[in-house]
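Asker: Chain residues, written in single-letter form:
2 protein chains.
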Amino acid sequence: MKRRGFLIVLSGPSSAGKSTLLDMVLKMDAELCYSVSATTRSPRAGEKHGVDYFFHTEEHFMKMAGEGALLEWANYCGNWYGTPRQYVMEAIAEGKTVITDVNIDGARQLRRTLPEGVFVFLMPPSLGELRKRIVARGADSEESMNMRLAAAAEEISAVVDYDYCILNDDLEKAARQLLAIIWAERCRVSRMEFPAVL
Amino acid sequence: MKRRGFLIVLSGPSSAGKSTLLDMVLKMDAELCYSVSATTRSPRAGEKHGVDYFFHTEEHFMKMAGEGALLEWANYCGNWYGTPRQYVMEAIAEGKTVITDVNIDGARQLRRTLPEGVFVFLMPPSLGELRKRIVARGADSEESMNMRLAAAAEEISAVVDYDYCILNDDLEKAARQLLAIIWAERCRVSRMEFPAVL
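Sequence lines, in order, name chains X and R.
Residues 5 to 202 (the numbering used here) make up the first sequence, in order.
Residues 5 to 202 (the numbering used here) make up the second sequence, in order.
What the hints contain is simulated information worked out from the structure, not anything from laboratory work.
Treat the hints with care, since some could be wrong.
[Said to hold, decoys possible] Partner residues are not named here, just some residues of chain X that face chain R (Cβ under 8 Å, in silico):
#1 Y166
#2 D167
#3 Y168
#4 C169
#5 M196
All values reported here derive from a predicted model rather than from experimental measurement.
Here a beta-carbon is modelled for each residue, glycine too, at the ideal position from N, C-alpha and C.
Just chain X, with the same shape it has in the complex (with noise of 0.2 Å):
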């Protein structure tokens, strides 16, 4: 049995462990492969270009958008995020799995371009438990926490339009619950192509 690839989009509140748990599956699942998003932010302690992100100018992110070099693209706390095209088409087009983790406003993008998409939101214990995080990372000034923050409370209540929701109480089962995920879509029929003479 033949199957289409796919794409699964994480997606959930800022800082509610989506990159850390596409690290752990990444590792778990050698077939997985991620896609690298494209980003106008500047790279945090460590940060690799074309590894973590493809960082860009505002010019040249501008430029892939308009060429439609982009599945979708979103700002975010005065910062723009996207997803190249090109990467994602082949992939799938070669049957693999693809992954990746994008902010709210790029997953209902994702959902009109690639509606065979698989979308997981990544659900925070509690908003308390978010703020702990957020400050946690020291990574933002106290005005972009608060930012985070409240765009954290309203994009939570996206979760209704998504396929699966993981609570991210405990990383290791929430992993394994993405990797459940992963797995149980690679069996698909809407996605095999079976012979004409079984």
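Chain X is already provided as a structure; the job is to place chain R on it using the hints.
Answerer: Showing chain R alone in chain X's frame:
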């Protein structure tokens, strides 16, 4: 987050390996509940009433069907098989995951009575392999074997009506895939109830 329970319907041709696979996942997931089917066929060696099947006379079986006590019932190779309604509906209402194995006709009926169910097709590696397994079991007469094999070839074409398809070329892998489907379906947003204030 609360969630509604659901029924996993495992179906596929006779001797595709449904019972073996079911036994495996029931040991791997302590929260999974098995819905014991009712049947009019004779017990095979080692089978116990209320554990493997509820063994009934045809008269009693038909009385249950007439009273609405069965979610589905179907004749397969001269015997009746059915799914008792009460156990399944109560377990689902309590938020549990219930699993049952039924034949293709039974699965078609369950799709109508329980459209929210999760339908998994267990695909034998090939018809040649299926014949070997049916012969190896040695439980059937040659006529019965040929009937089962002819039914299997037709039944395989029903796969397109299912949500998921698992290829049973490796029992351990098939069990991991079925477990992944169960875990993934527990993360379905459509079965979750979110508090008004998150």
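Asker: Can we keep the X:Y168 interface hint, with Cβ of chain R closer than 8 Å?
Answerer: holds (4 Å)
Asker: Go through the hint on X:C169 and say holds or violated, using the shortest Cβ distance to chain R against 8 Å.
Answerer: holds (5 Å)
Asker: Hey, does the X:M196 contact hint survive, CB to chain R under 8 Å?
Answerer: Holds: closest Cβ of chain R sits about 6 Å from X:M196, inside 8 Å.
Asker: Was the hint right that X:D167 lines chain R, CB cutoff 8 Å?
Answerer: Interface hint status for X:D167: holds (6 Å vs cutoff 8 Å).
Asker: Would you check whether X:Y166 satisfies its interface hint, that is, whether its CB is within less than 8 Å of any CB in chain R?
Answerer: holds (5 Å)
In the structure shown, no violation is registered for any of the earlier numbered hints.
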